[in-house]
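Chains as they are written, first to last, in the numbering used here: chain W, 1 to 114; chain A, 1 to 111.
It is worth saying that the hints were derived from the structure and are not from the lab. Careful, some of the hints might be misleading.
As a list, the in silico BS3-like pairs of lysine-lysine whose alpha-carbon atoms are at most 30 Å apart [what the hints assert, rightly or not]: (1) K71/W - K69/A; (2) K13/W - K3/W; (3) K18/W - K3/A; (4) K55/W - K3/A; (5) K98/A - K53/W; (6) K13/W - K3/A; (7) K3/A - K53/W.
Residues from chain W that face chain A, not an exhaustive set, calculated with beta carbons under 7 Å [stated by the list, open to error]: (8) G16; (9) P39; (10) L43; (11) P61; (12) G63; (13) Y64; (14) S67; (15) L90; (16) A100; (17) V102; (18) A107.
Label-pair distances were calculated between CB atoms; the ranges are [as the list claims (entries may be wrong)]: (19) D51/W - R81/A: 34 to 40 Å; (20) P21/A - V102/W: 37 to 43 Å; (21) D26/W - R58/A: 36 to 42 Å; (22) T112/W - H76/A: 37 to 43 Å; (23) E66/A - S7/W: 31 to 37 Å; (24) A63/A - E17/W: 45 to 51 Å; (25) R81/A - S67/W: 36 to 42 Å.
Backbone N, C-alpha and C define an ideal beta-carbon position, used for all residues, glycine too.
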Amino acid sequence: DVKVTQSSRYLVKRTGEKVFLECVQDMDHENMFWYRQDPGLGLRLIYFSYDVKMKEKGDIPEGYSVSREKKERFSLILESASTNQTSMYLCASSFRGSGANVLTFGAGSRLTVL
Amino acid sequence: DAKTTQPNSMESNEEEPVHLPCNHSTISGTDYIHWYRQLPSQGPEYVIHGLTSNVNNRMASLAIAEDRKSSTLILHRATLRDAAVYYCILRRAGTASKLTFGTGTRLQVTL
Chain W
1 DVKVTQSSRY LVKRTGEKVF LECVQDMDHE NMFWYRQDPG LGLRLIYFSY DVKMKEKGDI
61 PEGYSVSREK KERFSLILES ASTNQTSMYL CASSFRGSGA NVLTFGAGSR LTVL
Chain A
1 DAKTTQPNSM ESNEEEPVHL PCNHSTISGT DYIHWYRQLP SQGPEYVIHG LTSNVNNRMA
61 SLAIAEDRKS STLILHRATL RDAAVYYCIL RRAGTASKLT FGTGTRLQVT L
């Protein structure tokens, strides 16, 4: 019954490595979001996409990029990982248009950068 | 985008009702009020949402002030499984609808 799948639950990477976090949804949602979550800071929006090949910056896009080549897949890319990107990353999706459309979240990917 | 304000934490006894408040004084007419909760080690999950009228579902009730500048999530009988962080957010209609979460309210439920 899993609807939003994040490819890795736990990752450990080294400083300077390129990191890909993958998110796939099977609900035909137009909107997809990437958040990071840190203690005391809540969920902060990194990027979102409202259609294939479309992307918008969220509140903290620095150090990240995204890719949306297919409707069901939204990738978060850390071009050169740094220790301050150690965090929990959450992907979400929703239908677009109405403000009544709810978000469905994945289980999260906990990234540690050494 | 309009912001929401919630208390950092609340406590409740099991089997008692819980009222979780949220202030959104800059809400616009097309903003829906959504509530999500995040259990430990999980992603957030949808709880309830509404526009103007009070709403009920199997998980909770949502009471919306007449001026819509505040709302309250009501858990009718809290259980230990309701211990979570509860987020109140505003969702605006439109294609590029940025959704901002705050830090939410951490609910502790005790026996």
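**Asked** Against the structure shown, which of the earlier numbered hints fail to hold, in ascending order?
**Response** 1, 3, 6, 8, 9, 11, 12, 13, 14, 20, 21, 23
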